[in-house]
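A.B. asks: Sequence:
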Amino acid sequence: LNKEPSFRPTAKELLKHKLIVRYAKKTSYLTELVDKYRRWKAEQTRQQAESSSDESDSEQDGQASGGNNFGSDDWIFTIREKDPKKLQNGGEGPAGESGDISKRPYSTSLSSIISPSLAELKQRQEAVNGNPMALDELREAILLAEEAYPGISDSLVTQLVNRLQRFSEGRTSP
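Position one of the sequence shown corresponds to residue 1 (the working numbering), numbered consecutively onward.
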């Protein structure tokens, strides 16, 4: 190892080194690992978002009966959360605002239009390029947006249809 940068070997020289040539794996291996990690991370965040609303009811029931859940690392035992019902009734805090958003149903166009379209595009992209990572990221972004603002996918599809209709009407009329 040389501390002086001018004496260090270049990246091309390092790639030709016998240890790297003998034991190195292809760069596609690294990109696959990164893709798997991103998919895993997105799946974890989605599962946490889904389970957090389901677990909040069961945790409150467990506390009322005196049960302790020591296996959960998410809980801080020294701090007590404010009761969400009191916050909604008292009108203090943003809990009432976010509660209204989560009560709205998810978009029907998400499962009937967007997901099938993205799946079809992904199959085509895999056949042509073999790397549909951008479509996976788009799908995850749409799912996150839908979780944050239920119904936004329906609005998006409606806007796209209206715009396409105006565009096609403009092209057909001379």
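Simulated from the structure, these hints should not be mistaken for lab results. Note that CB positions come from ideal geometry on N, CA and C, so glycine has one too. Be aware that one or more of the hints could be misleading.
What the hints assert, rightly or not - Computed cross-link-like contacts, DSS-like style, restricted to lysine-lysine with a CA-CA straight-line distance of at most 30 Å:
(1) Lys12 with Lys41
(2) Lys36 with Lys25
(3) Lys41 with Lys122
(4) Lys16 with Lys26
(5) Lys3 with Lys36
(6) Lys36 with Lys122
(7) Lys18 with Lys41
(8) Lys16 with Lys3
(9) Lys36 with Lys26
To be verified - Have a look at the derived ranges for each label pair, beta carbon to beta carbon:
(10) Ser117 with Tyr23: 39 to 45 Å
(11) Lys3 with Tyr23: 22 to 28 Å
(12) Ser51 with Phe7: 51 to 57 Å
(13) Ala119 with Leu33: 22 to 28 Å
A.B. asks: Now tell me, hint by hint, if it's right for this structure.
C.D. replies: Each hint, compared with the structure:
1. Lys12 with Lys41: 33 Å, violated
2. Lys36 with Lys25: 17 Å, holds
3. Lys41 with Lys122: Since the Cα atoms of Lys41 and Lys122 sit roughly 20 Å apart, the hinted pair holds (cutoff 30 Å).
4. Lys16 with Lys26: 14 Å, holds
5. Lys3 with Lys36: 36 Å, violated
6. Lys36 with Lys122: 16 Å, holds
7. Lys18 with Lys41: Distance of about 36 Å is beyond 30 Å: violated.
8. Lys16 with Lys3: 21 Å, holds
9. Lys36 with Lys26: Distance ~16 Å between Lys36 and Lys26 Cα, so the pair holds.
10. Ser117 with Tyr23: 39 to 45 Å: 43 Å, holds
11. Lys3 with Tyr23: 22 to 28 Å: Holds: the Cβ-Cβ distance is about 26 Å, inside 22 to 28 Å.
12. Ser51 with Phe7: 51 to 57 Å: 54 Å, holds
13. Ala119 with Leu33: 22 to 28 Å: 23 Å, holds
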